[in-house]
Structures are given as C-alpha cells and as structure tokens.
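*Asks:* Residues per chain, in single letters:
There are 2 protein chains.
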Amino acid sequence: MSHVAKGKIYLLPSTLGGETTTDIIPPDVASIAIQLRCFAVEDIKSARRYLRKLDREFPIDDSTFFILNKKTPIDELQKMLKPVLNGQDLAIISEAGCPGIADPGAELVALAHENEIHVTPLVGPSSILLALIGSGFSGQSFTFHGYLPKERKERIKKMKDFEGDARRNDRTHIFMDTPFRNMNVLEDLLNELADQTKLCIAHNLTNPNASVRTYTVKDWREKAFDLEKYPTMFLIGISQNK
Amino acid sequence: MSHVAKGKIYLLPSTLGGETTTDIIPPDVASIAIQLRCFAVEDIKSARRYLRKLDREFPIDDSTFFILNKKTPIDELQKMLKPVLNGQDLAIISEAGCPGIADPGAELVALAHENEIHVTPLVGPSSILLALIGSGFSGQSFTFHGYLPKERKERIKKMKDFEGDARRNDRTHIFMDTPFRNMNVLEDLLNELADQTKLCIAHNLTNPNASVRTYTVKDWREKAFDLEKYPTMFLIGISQNK
Chain V
1 MSHVAKGKIY
11 LLPSTLGGET
21 TTDIIPPDVA
31 SIAIQLRCFA
41 VEDIKSARRY
51 LRKLDREFPI
61 DDSTFFILNK
71 KTPIDELQKM
81 LKPVLNGQDL
91 AIISEAGCPG
101 IADPGAELVA
111 LAHENEIHVT
121 PLVGPSSILL
131 ALIGSGFSGQ
141 SFTFHGYLPK
151 ERKERIKKMK
161 DFEGDARRND
171 RTHIFMDTPF
181 RNMNVLEDLL
191 NELADQTKLC
201 IAHNLTNPNA
211 SVRTYTVKDW
221 REKAFDLEKY
231 PTMFLIGISQ
241 NK
Chain C
1 MSHVAKGKIY
11 LLPSTLGGET
21 TTDIIPPDVA
31 SIAIQLRCFA
41 VEDIKSARRY
51 LRKLDREFPI
61 DDSTFFILNK
71 KTPIDELQKM
81 LKPVLNGQDL
91 AIISEAGCPG
101 IADPGAELVA
111 LAHENEIHVT
121 PLVGPSSILL
131 ALIGSGFSGQ
141 SFTFHGYLPK
151 ERKERIKKMK
161 DFEGDARRND
171 RTHIFMDTPF
181 RNMNVLEDLL
191 NELADQTKLC
201 IAHNLTNPNA
211 SVRTYTVKDW
221 REKAFDLEKY
231 PTMFLIGISQ
241 NK
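Note that the protein sequences, when read in sequence, are chains V and C. Just so you know, we're using the numbering used here here: the first sequence kicks off at 1 and counts up by one. Just so you know, we're using the numbering used here here: the second sequence kicks off at 1 and counts up by one.
What the hints contain is simulated information worked out from the structure, not anything from laboratory work. Please note that the accuracy of each hint is not assured.
Any copy will do: because identical chains look the same in the list, a pair fits if it lies in one copy or spans two.
Said to hold, decoys possible - Under the rule of at most 30 Å between Cα atoms (straight-line distance), these lysine-lysine pairs were calculated in the DSS-like manner: (1) Lys218 <-> Lys79; (2) Lys79 <-> Lys160; (3) Lys229 <-> Lys6; (4) Lys8 <-> Lys157; (5) Lys71 <-> Lys223; (6) Lys53 <-> Lys218; (7) Lys79 <-> Lys223.
The structure displayed is predicted, hence computed values, not measured ones.
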C-alpha cells in the first residue's frame, strides 16, 4: 500500500449576514477557500451561495458537499474524513461567522484530531469577539455562555449570577438568544439588574447598520429600542476606565 | 457654536506576528484603515510599520499617533477623544490581534461610550477564537482567563479548577502565559491533570508554522515538544465527538 499524505481540514468562516465578503474575509483566506473542492456544511444552498460570492466562477458542480448538522451520525462524520485521509483538503463552513462556535463543526474537528489530521482555523468574523472588543469591558477575562435558558426564572438567575461575577472578578459575560426572544431578554435585564451595572448591546455586527453600545442599566431604560429582528449579543461587564 | 458631527472610533486588529496582512485583514478593513490619520497605539514604531504594510505609501507624517498603554493617565485618554469629538475618526491599534482583548484599548473604548461616540470593531485575527475553533472543544460555552498566576501552587489550583469545570459543564477553558513560562505551564498540565483530560495546544496561529493539536494528557506526555519561543494558547475541554 502506498503512503498517501493526509489532506488538511480548514475552518472557513462565513458572513454574519452581509452581502459582500470583502469586509470579513482576508484575501489569502478567500484564495485558499476557492481552491478547495470538498466541504462540510450545514446548508448546501447557502454554502454554494457563499462560495459564489468568493468567486463568481466557483465550480460548484465539481465539488463535494457533505451535510453537517446536529443530527449527523458519527459514521457520517467518519465518511467525511475519508477523502481527507486520502489526501484531499476539506473545509468546514458554518452558517454564520466561525465554524465550531455554535454549530456542529466541532465534532468533526475533534474526530480530525483523533485521526492526526492537520486542522487550520482561518481568520474571519466572530460576533462574540467583535462585541467584546467593542464593549469597552475587560477582555482579559470573559465567558461566552451561548443561549440563555428559555425558562424566565432560570434566565433571570443566570443574569444575576453574571452581574455578581462581573463585579467580583472583573469578568465580562457574553450571551445571546434567538432574535424573537431578544426583547424578553432585554426586558428582564432592565428590570432585574442594578441601576449602575453596565450593559453592552451589540447587534448586526459587520453589517452597515451595526451597533455596539454600552450604558448603565439605568440609562438603557430610557434608550431601549426594538431589537426584535436583529442578531444580538448582550454583555455584562465592568467598564475599563477607572 | 456650530454643531459638528462626531468622528468614529475604529478597533483595528493587527498581525499576530506575520509578515503580511493579506492573510488576516479583509480588504474593506484595510481600505478603512489607510484612510485614517489619527491613531491610538501601544508602540508607535510597530504601528507605523503595520500601516506601511497595509499601504506602502501611507502618509505617516500627516498622521497623529497617541501612545496608549497601561500607564496612560485618564486625562491623556480624554485628550485622545478631543479630535474625535471634533469630527475626526480615530483607530485603536493593538500590538497583536484584536485591540481591547489583552491591552489598554478597552479603557479608551469605555470612555468613548460615555461620550456617545460610535465604536466600530473591525474583523481581524484573534488567537483566542482561532484556537477555540481549531480545538474541537465546545464553543457553546467557553471562558478565556488571560494569563495564569505566576505562583506555581496557584497556577496548578487554577488548572484543576478548569479541568473540573470542563468535565461538569462542558465548558472550554482558554489561557496563556508569557512564552518563557510556556514549558513550566505545560509541565504542570501534564503532571497534574488526569490521563483522559483533553488538552489543546495552539501556537503561532496565522503564521506558516501554526499548529493546533488536541490530545489526551496521557498522549501529550509522549508528544510534548519545545514551546519555549512561541506565543501559545492552552485549552482544556471536552472533545465534541460522542
């Protein structure tokens, strides 16, 4: 049996909803992406659309697309690694932002490491990081919590835990929810947190109407606006100016 | 008094040590950066070098550079905001990666929010995020801890706390240390953590010799190599393949 060099797995970020890619993808990342012909993606249609944004001539029909979602069984993942073990490169593309943050990409990456496959994360947009640096809160120590619990009592308990920990440890807490629950989350934050607690709301990051704003809870009560439709990050932290 | 529209504050990421910018900065971000003439930077020399990488013709001599570091007093920060309040845009550039993560940029951002100045985080490289997505660990919930305590006993206590929390809550823990302590950290990790705990070591991210590898502590003991000179992220987590 001949010895074949293994392919690599690239983690290819995608847009956070914007129409162009030149605002979120470095040229060298785009160059790598458009040379690949094997992809693991959540949604084939939007992955194809994204590749065509990177290169209008991208040869969709010469490419292989594996569907990678929460329901993908382990033996399907193993199947995706087969071409890679045989020397072909593969990219994991998420639906929005960085693969592996809030999508099933991490499972395939974990399996890749077990198979001694080289994993290369590529630079691209992360709404978590953009919100964090835009907040003015501590970046020396922060926790991303993903989605809040759906149940209101539990959600409020979490928020208060974050508030207490931010104050005690100068740690920034980042969380989100599905857009249709944004206003419920905001309402709970404004009702339950202390007047002087700082809250940052970041939405539509990397889009033309992006906004990152940090105020005290007290000030937010007068400014609160409609978040309903927008992908939003909420951050509780300590402003870094003393 | 005439009413002047305020300028914006951009958060401009920089290279993680690489020689080029086309692998880490999207074209639109570079376009914004090279039109600016007012900067808050940690080190003027390296900021100038970076701007010249983005545009060989960048008019350094027509630009204003404020020094922004840990020692910068609050009234200096206020001075930096003056041109912005008068309509000029300003960019905060960090020494490596995203401003405001492990540098004093966050203080200026906090002050900007208090002055109702629009803050725009720009897409660029973050070794924290790249290490996280490359690890195969959970990205649904993760904590970045910055630098570990210098004192060995405290450092070991932290590591064990991370290990316990990762196991209980499927939360990924990310931390770093100054390069000259990397080998001490690695030694402690391999001596103190359980055989089956998963450890990811990511170094030189975005550079040609970048590496992200995840093994059990047991396997790392046989693979451990010299990290001394490299900027390194350590991650403790649960591999996402079940």
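*Asks:* Hint by hint, which ones does the structure fall short of?
*Replies:* Result: hints 2, 4, 5, 6 break, sorted rising.
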